[in-house]
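Starting from the known structure of chain A, arrange chain B on it as the hints suggest.
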Amino acid sequence: MKIFATYNIKGGVGKTTAAVNLAWLSAADGHHTLLWDLDPQGAASFLFRIKPRVKGGGKALIRGTKTLDGAIKGTDFDGLDLLPADFTYRNMDLLLGGTDTKPTRKIAQLLRPLAGEYDHVFLDCPPSISLVSENVMHAADVLLVPLIPTTLSVRTLDQLTGFVAGFNGQRPQVRAFFSMVDRRKKLHQEIIHDLQAERAEVAATSIPSLSMIERMSVERAPVTAFAPRSVAARAYRALWSEIRPAPAAS
Amino acid sequence: MITPGLREFLLEAPATDVDADALTPVLAALAQAFTVTAERAGSGTHRRTWLDTFDWRLYRAGLVLEVEQARRGGRLLLSKADGTPQAEQAVTTWPRRPVLDLPAGPVRDRIIVLIWPRALLPIVTAVSTATVTRLLNADGKTVARLVANHATVTAATVAGGDATAAGTTAELPPRLAIAEVRGYPGQARKAASLLADLPGVAQASQSEFTASLTALGRHPADYSSSVEAEITATMPASVAVARLLLRLLDTIENNVDGVLRDIDTEFLHDLRVAVRRTRSAIKLLGAVLPAELAEHYKNEFKWLGDVTTPTRDLDVHLLGFGPMTGELAASPADLEPLRAYLVRRRAREFRRLATALRGPRFRAIIQDWRKALLEIRDASGPRKRRPTAASLAVSTTGLVFRRIAAQGAAITPESPSESLHDLRKRAKELRYLLEFFAPLHDPVAYRKVVGDLKQLQDCLGAFQDSQVQREEIHALADAMLAERAAPAATLLAMGEIAAKLALSQAEARADFARRFARLAGPGGQQHIRILLDGPGQ
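If you read the protein sequences in the order shown, they are chains A and B.
Note that numbering that gives the first Met the number 0 has the first sequence beginning at 0, numbered continuously upward.
Note that numbering that gives the first Met the number 0 has the second sequence beginning at 0, numbered continuously upward.
Hints listed in this document are in silico derivations from the structure and should not be mistaken for laboratory results.
Only a predicted model underlies this, so the values are computations on that prediction, with no experimental measurement involved.
Ideal placement from N, C-alpha and C gives every residue a C-beta, glycine not left out.
Check the hints yourself; a few may be wrong.
What the hints assert, rightly or not - Some chain B residues flagged as far from chain A (calculated, every beta-carbon gap over 12 Å):
| no. | residue |
| --- | --- |
| 1 | 109 |
| 2 | 166 |
| 3 | 202 |
| 4 | 319 |
| 5 | 403 |
| 6 | 414 |
| 7 | 479 |
Said to hold, decoys possible - Label-pair distances were calculated between CB atoms; the ranges are:
| no. | chain 1 | residue 1 | chain 2 | residue 2 | range |
| --- | --- | --- | --- | --- | --- |
| 8 | A | 69 | B | 31 | 27 to 35 Å |
| 9 | B | 205 | A | 69 | 30 to 38 Å |
| 10 | A | 186 | B | 128 | 54 to 62 Å |
| 11 | B | 60 | A | 112 | 24 to 32 Å |
Stated by the list, open to error - 27 Å max Cα-Cα, derived DSS-like pairs, lysine-lysine:
| no. | chain 1 | residue 1 | chain 2 | residue 2 |
| --- | --- | --- | --- | --- |
| 12 | B | 189 | A | 65 |
| 13 | A | 50 | B | 189 |
| 14 | A | 9 | A | 184 |
| 15 | B | 189 | A | 54 |
So that you can see chain A by itself, here it is in the shape it has in the complex (with noise of 0.2 Å):
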C-alpha cells in the first residue's frame, strides 16, 4: 500500500482537487484506492456528494473505538472509496494529543490494518502546520505539495524539505508541482522555469487555473471523470503519470 498526501501550509492552492483527481486517476488504472478527506471543510467529500459525517467522529477514529473500515463509503467510481470528513476533525490536533506515546504516528498506525485491501491511499490534509499534518507527514510515503507560482512557494518548499529531513526513520519523498497557473503572467512562467530547472522534486507537469477544475463543485465529480478530455484532465493525467509508482516488474 503506497500513501500519497496533498500537503500545503497554506489553503486555497488545489490541494484537495489534486487528490480527488489524482486518487480517480489511480482508481481508473485499476488499483484499489481510498481517499481520506482529513479536512473538517469535508470538500474532497463533497465533490462525491458523500456526506461528511463519521459515526463517532474524530474521536471514535482515533481512539480505535471504531475502525476506519466502518467508516468508509464508496464512491460511484469503479475501485474509489472515500473515508469522509467530519466537522470533529477540526479538533483532530487535541484528540491525537491525547493518544499514546508517539502521537506523531497514529494516522500511520490507524491506516496499517487498511494495506491488504488498498493499493493506493490519498490523504487530502487540511491547510496548516500542525499535529495532523505531523501525523501526515509520517505516514506518507509521497507528500505532493501543489505550490502557486510565487517567489514565496521556495521559501515554502525549502521550510517543507527541510522539516521533513528532520525526521527519524522512514521519510516521505517530497514531490512539488506548481498549481492555479495562469500562463498569461509572465511572473509565473518564470518561477516555473526557474524552480523546475534547479529542483529536482519539482513535477514537469503544472496544473493550469482553469474555470473546468472550479467546475468540479459545481458537477460535483472528479474533472477527469466528467471532462477526461478537457485540458484539466490532461494535466492531471500528465501529473499522474510522472508521480504513480512504477509497475512492479514481473
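Relative to the frame of chain A, chain B by itself:
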C-alpha cells in the same frame, strides 16, 4: 458485484430479452425512493464458466469457482455458495478442456488440497447481457445499483455424468439483483424490499449456477462414487442386489469417458472401485442371482479389473512421486530417469487399457449385464418365501465379520505377510457389504462399525501397499537396467525409497494387534451386534 446476502429476484418477463419495457415497472417502483439513472457504459456482455471437479468437490465444500472471460485474459473467482468472495486470481484465457493444474495464485492455494489430484472441468458457460441502473439519493450520490442480467447457458462439452447434455443451451429468466455500494447497506435493503413487493417479480430461490444447471436438466452433485442404491429392508433380496449392481454399473459407465480422455487419474480409480465392489457383490450376494449369470460375470469383471490394474499401479507411483521425493536425501534430479520411465510405461499401458475399453468384450459386459439386471429388478412373481434384503444383509454381514474375527485372531507376530494380505481382502469385503446395505442400518451403529473397520483397513492397507510398492521398485530397477535407462544415482535413490517403504511396512505391522482388537474385541463385537439387530426391525 452482487452483494452477498442480499436477495436476488427473477423477473417474470418474456425470456427473450430484458428490454426497457420489461424493466419499466421495476424502475418505476424504485423511483419511489431513488432517482434512477442508467449507468454510463453499464451494460455489456460477459462470459462466465463455472468449474468443478467431476465429483463436485468444490460444490460439496460449499464453494463456487467461476472463470470470468474478458477480451484480454480473465479472472478466476472463488466464492462461497452464498456469494461471499474467497479469492481471485488473473488467468490467461481459460482452455475449453479440463485443467489438471492451476497456475500459481490465491485461488490455487485455497483449493488445491481439496481438488488434488482431480482436474477442473468446465460445467456450464453463461453468456449474459447486464443492464446496470444507478440508484441515487437526494444528493445525487449512487447508493445502490440495480443489475438486470439476462443469460443464455450452455452445458460444457465435458459435462460429467450425462454426456448427452453437452452443448445443450437454455435461456434463464431475467435476473435482478441489487448491488450494494460500500457504506450504504440500508439503501440497498430498501431497494431490495421495493422489488420484493412488486408483482411479476419473484425472489430467486437458486443461485445463478444452480439455476443454470436446473435449466439444463442437471443438478449439482449429480455424480458420486458412493453406492447409495435405493433399497429397502422388505424388498426381495434379488431386487435389492440387482439395484445395487445397477448402481455400480452406472458408476462404471459414468467414468469410462473420463478414463478414455485421460482427464485425471480418479476416473480410473472410481471405475476400478466400482468393479471391485461388483466382484465382491457377486461373490458374497450372488446366490440370489441366477447361478449361470453370476458365474459368467464373475469372470468378466475379473477380466475388467485385471485390464485396469497396470495403468492404475503406474498412476499410484506417479501420484506419489512429488510427495515422496521431498522426503528423500537424494536429489529430485536423480529420480528424473525413474519418473520418465514410469511416464513412458504408463503411456504404453494406457493404450492397452483404452483398446480394451473400446473393444467388444467391454461393450458386451455393459449392455448384457444391464439387461440381465433390469430383468431381475423388474421381475414380478410370487414374493413369498423369498429372502428379503434385510435378512440377506444380516446373514452375509454377520458371516463375513465372524470370518474376520477368527482369521485375525489367528495372526501372530510370526505369521507370514500373506495372512495379513488375506485379512485385508476380507476387511474390504466387509466394508463393501456395510456400504451396500447402509440404507438399512441405523446410522449411529453404522458409523461406529465403519469407524472400527476403517482403522484396521488403513493399517492393513499401509502394510500391503508398502510391500507391493517395494517389490515394484525392485522390478522397475531390473527393467530399467535391462533397458539401460538407470544411472547409478537413480538406482541409489530408488534404494532409499525401498528402505523407506520397508520402514512404514514394519510400523504398520507393529500397529496391527491394537487396531484388530478395536474391531474384534468386546467393544467392536458390541457395535456389530447392535448394527445387525437393526435391519428389518
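Tested hints:
The beta carbon of residue 109 (chain B) sits about 15 Å from the closest Cβ of chain A, which is more than 12 Å, so the claim that it is off the interface holds. The non-interface label for residue 166 (chain B) is consistent with chain A: the shortest C-beta to C-beta separation is roughly 35 Å, beyond 12 Å. With a least beta-carbon separation of about 25 Å from chain A, residue 202 (chain B) lies farther than 12 Å from that chain, consistent with its non-interface assignment. Listed as a non-interface residue, residue 319 (chain B) keeps its Cβ farther than 12 Å from every Cβ of chain A; the least gap is roughly 34 Å.
Residue placement check: residue 403 (chain B) keeps its beta carbon more than 12 Å from all beta carbons of chain A (closest about 54 Å). Against chain A, the non-interface label of residue 414 (chain B) holds: every CB pair exceeds 12 Å, the least being about 59 Å. For residue 479 (chain B), the non-interface assignment is confirmed: its Cβ lies about 41 Å from the closest Cβ of chain A, beyond the 12 Å cut-off. For the pair residue 69 (chain A) and residue 31 (chain B), the beta carbons lie near 29 Å from each other, so the given range of 27 to 35 Å is met.
Checked against the hint of 30 to 38 Å, the pair residue 205 (chain B) and residue 69 (chain A) passes, with Cβ atoms roughly 32 Å apart. Taken as a hint, the range 54 to 62 Å holds for the pair residue 186 (chain A) and residue 128 (chain B), whose Cβ atoms sit roughly 57 Å apart. The hinted range of 24 to 32 Å is satisfied by residue 60 (chain B) and residue 112 (chain A), whose Cβ atoms lie roughly 29 Å apart. At roughly 25 Å between alpha-carbon atoms, residue 189 (chain B) and residue 65 (chain A) fall within 27 Å of each other, so this suggested pair holds.
Between residue 50 (chain A) and residue 189 (chain B) the CA atoms are separated by roughly 19 Å; this keeps the pair inside 27 Å, and the hint holds. Using a Cα cut-off of 27 Å, the hinted pair residue 9 (chain A) and residue 184 (chain A) holds, with the two alpha carbons roughly 21 Å apart. With a C-alpha separation of about 21 Å, the suggested pair residue 189 (chain B) and residue 54 (chain A) falls inside the 27 Å cut-off, and the hint holds.
Comparing the model with each earlier hint shows no violations; every hint is respected.
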